[in-house]
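Line by line, the protein sequences give chains A and B.
Position 203, counted from 1, in the first sequence is what the numbering used here calls 203; the numbers after and before it change by one each time, with no gaps.
Position 58, counted from 1, in the second sequence is what the numbering used here calls 288; the numbers after and before it change by one each time, with no gaps.
Any given hint might turn out to be false.
[What the hints assert, rightly or not] Dumping the calculated SDA-like pairs for lysine to any residue here, alpha-carbon to alpha-carbon at most 20 Å:
no., chain 1, residue 1, chain 2, residue 2
1, A, Lys72, B, Gly238
2, B, Lys237, A, Thr223
3, A, Lys73, B, Thr341
4, A, Lys73, B, Ser564
5, B, Lys291, B, Asn328
6, B, Lys237, A, Gly186
7, B, Lys402, B, Leu367
8, A, Lys28, A, His183
9, A, Lys72, B, Arg242
10, A, Lys73, B, Ala489
11, B, Lys532, B, Ile542
12, A, Lys28, A, Tyr154
13, B, Lys245, A, Lys7
14, A, Lys72, B, Arg646
15, A, Lys28, A, Gly186
16, A, Lys131, B, Arg646
17, B, Lys402, B, Gly318
18, A, Lys73, B, Lys237
19, A, Lys25, A, Ser214
20, A, Lys73, B, Gly318
21, A, Lys73, B, Glu655
22, A, Lys7, A, Asn94
23, A, Lys131, B, Gly238
[Unchecked claim] If the Cβ cut is set under 10 Å, some of the chain B residues that face chain A in the computed set are:
no., residue
24, Phe241
25, Leu550
26, Cys553
27, Pro643
28, Arg646
29, Met647
30, Thr654
[Stated by the list, open to error] Per the computed footprint, the stretches of chain B lying under chain A, defined by three or more beta-carbons under 8 Å from a beta-carbon of chain A, are:
no., region
31, 231-238
32, 331-342
33, 572-586
No lab work stands behind these hints: they were computed from the structure.
Since the model is a prediction, treat every value here as computed from it, not as a measurement.
Just so it is clear, CB atoms sit at the ideal spot from N, CA and C, and this is done for glycine as well.
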Amino acid sequence: MSLLELKNVYKIYGDLHALDDVSLKVEKGEWVSIMGPSGSGKSTMMNIIGCMDKPSKGEVLLDGVDISKESKKNLTTIRRDKIGLIFQQFHLVNYLTALENVMLAQYYHSMPDEKEALEALERVGLADRAKHLPSQLSGGEQQRVCVARALINYPEIILADEPTGNLDEANEEIVVDLFHKLHTEGTTLIVVTHDPEVAEVAQRTLVLRSGKLSKEVVNENFTGKIHFDS
Amino acid sequence: MFLRMIKGILFRQWKKMLMIAFTIALGASLASAMLSVMLDVGDKVNQELKTYGANITVIPKESSVLSELYEVEDSDKVGAYLKEDELGKIKTIFWAFNIVDFAPFVNADATLDDGTEVKVVGSWFDHHMELPTGEQLDAGVASMRSWWELKEGTWLDEQLLDDAENGAMIGKSLAQRLGVGSCDMIHLKGKNGECELKIVGVYDAGGEEDEQIYVLLDTAQALAGLDGSVDKIEVSALTTPDNELAEKAAKDPSSLTAAQYETWYCTAYASSICYQIQEVITDSVAAPVRQVADSEGAILEKTQLLMILITILSLIGAALGICNLVTASVMERSQEIGLMKAIGAQNSSVTLLLLTEIFITAVIGGTAGFFAGFGFAQIIGRTVFGSAISLKPMVVPIVAVLVVAVTLIGSIPAMRMLTRLRPTEVLHGR
Ligand SMILES: Nc1ncnc2c1ncn2[C@@H]1O[C@H](COP(=O)(O)OP(=O)(O)OP(=O)(O)O)[C@@H](O)[C@H]1O
Ligand SMILES: [Mg+2]
């Protein structure tokens, strides 16, 4: 059984088919990129997979559970237990330190554990920035805090919507390296990106166009390492 | 973690909460100022009315008729008197227990050696009585003129009879005019006799009594030649506020039906007490001195109503202000709230977080407002009522409840918005 399976999923806003009959499978431990022009429905799909939105039609099976039928409250619980989220705009709570931001995810999940949170920050190389507020961190550092926050509860899938959209190449590389580390540890990754270099790193790239899956590219020589053209 | 978050907000975002705290403080200060003034001034006025003692005066019937006809004030010119030996009967009426104090008065005109005319008033000071009922009672001006301020010397002590007979208390302005003080002797010549009195004390009554000399009843009676007679009795009684029945009865008790009469007679209305006094004191008219009390009461009531209105309006204003500010704050923090929800926070925990924040802000603002309001009350007290306002313990819980209620009510719209907020709407930077 696949970890995630979308069966004929539609998301319709009025006349607009943001997702139009999308079917796909993601296996456990896979690293998948999603590309596509702006407005093609990438974020819409991520929201549905991330239990933050429901499809208009179709089934979404996560770990064998059809999340399109669950109540809002249950979706929150499923999201909390199985999914780690990374955003383009980082979304750190600005009055909490880096460490506290990581602990926040633990708090809503189960119990905050300062030691474990500090270890997570260590993994993204920010142990020495633990007591800094987001405003005292660079963009790259903030995104690494987000990664730490996303991985702290050992989610089954990490969903990243344009994680490198606001980062320069150096930070892009750091983040992709983190993904690679997570991937080797067996975490499933779904990464939305505009950046072909970031997309190419994944094992598989799906291309969305006007809400439809238009292309699927399998990366034959997968290394999990980013390589820049220039 | 919850505490760390609250701490984070309060220490790192205090500027944002400051406006909310300020709004709450404003509402709380107005509410506590108004409540303090309201509760305290009510008590003050009541107290003052009680201190101003006599709420019933008893005068001879004839002088009452004459003074009504000719508006003559000085009843002693008329030649009608009440009998001194009937005084004790006042404590035998049905409402005897409601009579807290009473004192007889005799006016005597006298001239000093240098020809100055002075008004001498004879009364009881702390007259000890043993009533037929076995009850003991101390009555007199010592308690009925409790607002007198002693400037010099002591009160005339009736128990030390030897001294008292020849003692006198003199009003402040008269003493000044005559250039006398305590321990000085004055020689008074009245219509019917003369006496040599020692001034034991100088008082400040803040009224026409400052131009008078107060002596024992006997002394004044001797001066005026009015043995066994008194001009006036002042009675201080606890009364039930008047209602329609009392007003009707006050005009004419005979117009009542038997049942009404019974009710009226057995209720401590000023009018029924007066009626009963008239029954025991021959040829007397007892009348409540309540015009002043009534109009003061009415003004007080209106003032209190006004203050209640101000309080309510200020609280509504505060609620609206809080509503605005909290809603704005939730809007401003929508990303943060969306994120919390996205990483697994249920509505209840986010609501709890925000409410706790607001609640703490309210407590801080409310406390500040309370003290500011109390200070404000002092200003009102001094400028409007001419006295300091004392803190009524009751104000604290009332203000606390009002602050909490207003804050919670003001937060309702924001909390509704918060629960409706969907993370997808705020997290993708659209
Ligand atoms: N709540 C909504 N109401 C109406 N239309 C919506 C809503 N959310 C998304 N859409 C529409 O659905 C389409 C897909 O949006 P989506 O955010 O998934 O695009 P995207 O692929 O993530 O684009 P981008 O690369 O710019 O982030 C867009 O045309 C968008 O306008
Ligand atoms: Mg998008």
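Checked against the structure, which of the hints given earlier come out wrong? Numbers 1, 2, 3, 5, 6, 7, 9, 10, 13, 16, 17, 18, 20, 22, 25, 26, 27, 28, 29 and 32, in rising order.
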